[in-house]
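First to last, the sequence lines map onto chains A and B. Mapping of the first sequence onto my numbering: position 205 corresponds to residue 241, and the numbering continues sequentially without gaps. Mapping of the second sequence onto my numbering: position 63 corresponds to residue 99, and the numbering continues sequentially without gaps.
Keep in mind the hints are simulated off the structure, nothing from the lab. Since the structure is predicted, the reported quantities are computational estimates derived from the model, not experimental observations. Do not rely on the hints blindly, as some may be mistaken.
Below, a sample of chain A positions facing chain B; criterion: calculated Cβ distance under 7 angstroms [said to hold, decoys possible]:
{"no.": "1", "residue": "Val51"}
{"no.": "2", "residue": "Asn62"}
{"no.": "3", "residue": "Gly64"}
{"no.": "4", "residue": "Pro234"}
{"no.": "5", "residue": "Asp259"}
{"no.": "6", "residue": "Tyr275"}
{"no.": "7", "residue": "Tyr278"}
A virtual CB, placed ideally from N, CA and C, is assigned to each residue, including glycine.
Residue strings, one per chain:
2 protein chains.
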Amino acid sequence: MEKYPIPMVPGPVSVPQEILNVAACNYGSADLEKEYVDLYVSTQKALQKIMRTKNQVVIQSGEGMLALWSALKSTLVPGDRVLALSTGLFGYGIGTMAETIGCEVRTVGFGFDESIDDFELVEKAICEFSPKMITMVQNETPSGTVNPVDKIGALKEKYGIPLLYVDAVSGIGGSDIKVDEWHVDLCLGGTQKCLSAPASMSFLSVSDKAWEIIEETGYVGYDALQPFRFAVKQRYFPYTPYWQGTAQLHKACELILKEGLAKVVARHIKVAEYCRERSLGMGLELFPQPGAILSPTVTALCVPAKMSWKKLDESLRMRGVVVGGNYGCLAGKVFRIGHMGSQADMALVKEAMDILESVVHG
Amino acid sequence: MEKYPIPMVPGPVSVPQEILNVAACNYGSADLEKEYVDLYVSTQKALQKIMRTKNQVVIQSGEGMLALWSALKSTLVPGDRVLALSTGLFGYGIGTMAETIGCEVRTVGFGFDESIDDFELVEKAICEFSPKMITMVQNETPSGTVNPVDKIGALKEKYGIPLLYVDAVSGIGGSDIKVDEWHVDLCLGGTQKCLSAPASMSFLSVSDKAWEIIEETGYVGYDALQPFRFAVKQRYFPYTPYWQGTAQLHKACELILKEGLAKVVARHIKVAEYCRERSLGMGLELFPQPGAILSPTVTALCVPAKMSWKKLDESLRMRGVVVGGNYGCLAGKVFRIGHMGSQADMALVKEAMDILESVVHG
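The shape of chain A in the complex, shown without the other chains (with noise of 0.2 angstroms):
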């Protein structure tokens, strides 16, 4: 299939060319040469940048979910408790995937069109539960949301909770996330989201303390973080690494770098504004709820009473327009604009915008 006229798809993105470019290629074999080891450290680093953290990063041959599960049963067994602050898909998800692990999961849920915002709630549920791991979303993508990760990560440290667990696939790339900052343990990105490459690698960064975790969990599989602790060290992989797409990470993120990461972050914002304000201005509705904070990587819009979900997605396509749709109890009711990565662009956007205007006032 072609590429998308016009692509607003809240991921996987549209790939800038240099990025494709770099799978066109053959290299070597990475169980052998020094030179796909120097790639992974040069690419770790720039995603340290990226991630605002000094903690290791590690990176897998898997789409985003693959961190996701990376990530819980690397450091919890049968029995752990976690406390899962849920605002979306995503955030309930995560609780159900550590029960399916044994877990004792306490959710603390807020609607699908919320950010956490009642920290009592959740201070409450540390004090009492004291958790092995608190898990959260930082861009909840089906609802165009942000939490604050900095509050919890703040009540992590002040009730010495062992684990901070952070989604953050549709945000690394395209908001300021601070990891160090905010005490993120394990936080958790995906390549086809705000990095605008294909989806196939994962990534995240692991503190010392999660380190510590993960060896006394012992945890093996595909997914096992441990092989990778000591993976450059040793240069030794736990499966033959696949060059093209860690080449393909490596460019992503120095194109961001290269642009800077504040003025990425900016342009994201920017873009963001715009979209919501043309959304209002032709009378379209957010569907997160006021107070909510909202996402500069992705908009979610309550679909018009006067059309269906099914009508608007094909006049847009019949326009060269593709936006998402939704999942669950948000399918048909909301629909999405991805302006993330390559996508967060402000011509493209306009683009978009003036032909779904033209769509729900046609």
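Based on these hints, arrange chain B on the given structure of chain A.
Okay, now just chain B, sitting in the frame of chain A:
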């Protein structure tokens, strides 16, 4: 890094430009487009032809080890009995992997330089131990040997053992793999060996019996097979599929089927025979014992006594040839020529063997 001038590593092999090019394009969102589902189905069908099976094929985003773990974790629970038939690094390794799941593992072990050949011993172990699963490796890459899956499959049938698990990662697309005729329940493959694609995807065939056990087991995770069972029908994959990776795998299958599977297999046999003849002709010693079944995809040779592996490797690299070293107890002692996939090319192998000869005699 540039491609090796004369690539002879037993995977990841040199990727033909036609396969590389497929990754240099943007596609739509694999979560949304029927065209992706069609590509997935078409790739499944092509792999069924290459593996000679009517069983459903699951295609996953991740390196070949993902298939190995998937098939174990999705079917086994702690306490299950696993009979690990082992003739090399992977054969013994799979037994260890099953142990980490908590299975009771009995190993019928042979030398690293042998093929499974004592079928009475295997039969006795099957009768005594009555395993839920028999595991084996079709093509032991580090050893350059093949195991007779047909004979083990017949024993499996005779005794009604539920599952036969076969790692055929370095055989599929270069050997005649007969999944149905051999009664294989879980036949595991990867992209970077005989299929000549990058190390990004893995796949496996799953029998009806295996699906039944997968449903009973209820395993959940990135490497869980269950969500793939009805993924096509439900148009819902457990994570965003990697469109470029699937497209490369599809192209790789297409190239094999276009050449003709029988011709591809014959090409591998012919090149392997040539490689062995030349090796013996220059005074090198095959690693496998007489009586072992020799691999058509990789030749394992003893490092000549007068030369260290390091020196051999350096000398070959100076002339543009890169071969594989070895791991574990074979490190430094056995090296390997990977004539699989794109590298099962008579002209290429001839060039490499000429250089090897000059280095060995130089």
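Verification of the hints:
no., hint, in the structure
1, Val51, "holds, 5 angstroms"
2, Asn62, "holds, 4 angstroms"
3, Gly64, "holds, 5 angstroms"
4, Pro234, "holds, 5 angstroms"
5, Asp259, "holds, 5 angstroms"
6, Tyr275, "holds, 4 angstroms"
7, Tyr278, "holds, 5 angstroms"
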